[in-house]
Every structure is written in C-alpha cells, then in structure tokens.
Amino acid sequence: MEQQQCSNPKCQTSSTTLKKCTRCYKASYCNTKCQSQHWKIHKKECTNIIINEVHTPYPDQPRNLHHESQEINRKAGETAKATKKALKQGIPILTISSTAQGMVMPNAPLPDGVPYNFALKQQAQNYFATGVSSKEGNLGNLKYEKVYRDYYDGILELEEEWMTFFAHVENYIHAENTCGILGTLATVYRQRGDEESHKLCEQVLNMEEKVLKIYKMSVDAIDNPATYHCYEGLEYKYNIIRFNLYLQQDRLKECEPVIRKLLEFEVKKNLDFDNQNYLWVLTTIGVVPSPENVFHLTKGQIRKLLQKFRDMQQSNIGQRETQEIQQRVALMQCSSCGVNEGSIGEFKACSRCSKIYYCSRDCQKKDWKTHKKVCNKK
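The numbering used here puts the first residue of the sequence shown at 4, with every later residue one more than the last.
Keep in mind the hints are simulated off the structure, nothing from the lab.
A portion of the hints provided could be inaccurate.
Claimed, not checked - DEER-style ranges, computed between Cβ atoms:
1) Ile225 / Glu259: 54 to 60 Å
2) Lys216 / Gly348: 28 to 34 Å
3) Met106 / Glu164: 43 to 49 Å
4) Ala333 / Glu235: 20 to 26 Å
5) Asn343 / Ile225: 19 to 25 Å
To be verified - Below, computed lysine-lysine pairings styled on DSS-like, alpha-carbon distance capped at 25 Å:
6) Lys264 / Lys202
7) Lys47 / Lys29
8) Lys358 / Lys375
9) Lys311 / Lys351
Glycine included, every Cβ here is placed at the ideal spot set by N, Cα and C.
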C-alpha cells in the first residue's frame, strides 16, 4: 500500500494508515486532532469537491458501480432463494466460514482469535440471507428477531473480543454482515414503537455504530469501489433507522446532523425522484434540492424541514401507516394464559382460524372448549 501524506500542512506525516475525510474522501489525516486543526481551511474545498462530483457523477465509476451493484444484488438474490428453500424443506445448512484466523467449520477446532460463540453469527447470517419479502405485508427476514437478538447478546457478552475480531481487514465481510443483522434487529424494535423497544433500538444502533466504524477502517484499507459502495449503503440505512427513531421520540435537535447526512448521501448519489426518501421534501420548504443548496442548508431550513417530517408523521395517513407497521411486528399474547411472546413468531396461531395464538399445545387444549365456539376456518 502506498504511503500518503497528512493533509494538515502543519503535520505532513507520511503513513499507509491515514484516515480519509468522511465527507469528500479526498483529504487524509493521521488523527482527529490534525483533521480538526485543518477543518477551517478544508471545509470550503471539501464542499466544492462534493458538489463537483455530483455535477459530473463519478466520471469513471458510475457505470462500473452500477453493474457491480446489480451483480451484488443478483448474487444476494440467488443466495436468499437457496436459503429460503433449504429452511422451508428443513434441510440442514452446513456453514463454513473463512476468517483471518482460519476456517470455521463443523467438527473442527475453533481457530485462536475467533469468539467462542461465533456460531451465533453464522446462524444469524443464514436467516438474514433469506432477504426482505417481495410480498407486501410479509415480514421477510424481520421475523427472525430471536436469532438476531441471540447474536447481539453474544456480541455484548464478548464485546472486546468481537471488536478485535472485526478489526482484522480480512474479517471485513463479517463486520459487513453484522451491520446488516444489527440494523434489521434495530428496525424491529423501532417499528414496535413502545418505550422499552425504543431503548433497545438505541442500544442496538450504538453497537452497530461501533461495528460500522471498524468496518469503515477495513474498507479504507481495501480501497475497492464495490466494497465502498456496500459501506455507503449500510451507513445510509443506519442513518435512516437513527433518524426515524429520533423523529418518533420527538428528539428533533438530535435529528439535525442525521438528516444532513441523509440529504448529502442522496444528492451525492444523484438519486432520481422515485428513489429519494428525504431530498424531495426540500421542495415543500421552498428549497430546490440541488447540491449547492443541500451542502449550504441553514439551521433554520433544517428545522423547517424537520417540522415537515414531524407533520407528515402526525397526519392521519402517517399515523395509520405507523399503526400498520406496529401491528406487523407486535408481540402476540397467549389466548389461554396471557403470557406475551419474547420475540416475533415464538407463539403458534390456531391452525384453524389463524386469529389467536398459544404459547404451548397444553394452553391450546385448555382453551379449546371456549375457543371452538367462535373458531372459524380461514
């Protein structure tokens, strides 16, 4: 790897491990102190670089990145299809994982440096790989909440060991997978909407943020457009969940830096109207969603924008959508004993009407005399 020079003229240290500016990815620094000292000078140049890149989006890379993105999605789709089929048919999935420390496979000793509960990651990844559902209303891979939670708890148990494991550049794919899994778990908690779930959502997001930062260091070291494309997508999704959580909790002050990142991502990627989640709302406050405007939004404009999002959330349509989402990930209650599920899909629905749920066969038998009077076939 080539040596680079710190962009701070007062330092000019040369190294192969400099960190790039997270806005323009052009300037490089040996530490955060050097970056802070140079920010007043670099700020204007940084914004101009981004604006110029948006006007002439990725001169050599856009088509390549587009095809790479399509290829990644195609391969992910094939994996999801095969995994779903195996799970549906009850076929055991033999999991073999390559790590920087060595191969992890059944009936073989675990390599030194691999967390002893690594199987939790393998299991979570298998279920996560089923992908999102193409059918409206279906949970897709959200329904594997328990498996994701087990993995999250496993990381908490051995946090230092897991972070050391993720920090190996060759383990970047495991950090990448983990960000997706934690983001999905956080989405379940965020959508559930109650106070306790929101606390859990923030805790999971905080863990994802740690892994995302480590993953970013590996991405910088690998210096591959496709890998960087994956990182940007994960960071964008992380910011969406964080923004939605803060908005639901009416934490508008904390929304401000997050919405800026979301807007900057969408304008840098030159997304068309149909693919914009946030950029289009600028027009409702009289701002043209151009690169120049996005990178020079005032605090007042950001606050107006956030109020628009708040108004949309509190509108009749917004509240109805929120209720539908909450019902989709709601935990069921046993119709016999009143115990609540610990995670999605833990209880089984009555196989005749699919309207009520039971925690066990015994509870269903006890309740049958009462329930059969109102039980109707699907």
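Of all the hints given earlier, name the ones this structure violates by number, lowest first.
1, 3, 4, 5 and 9
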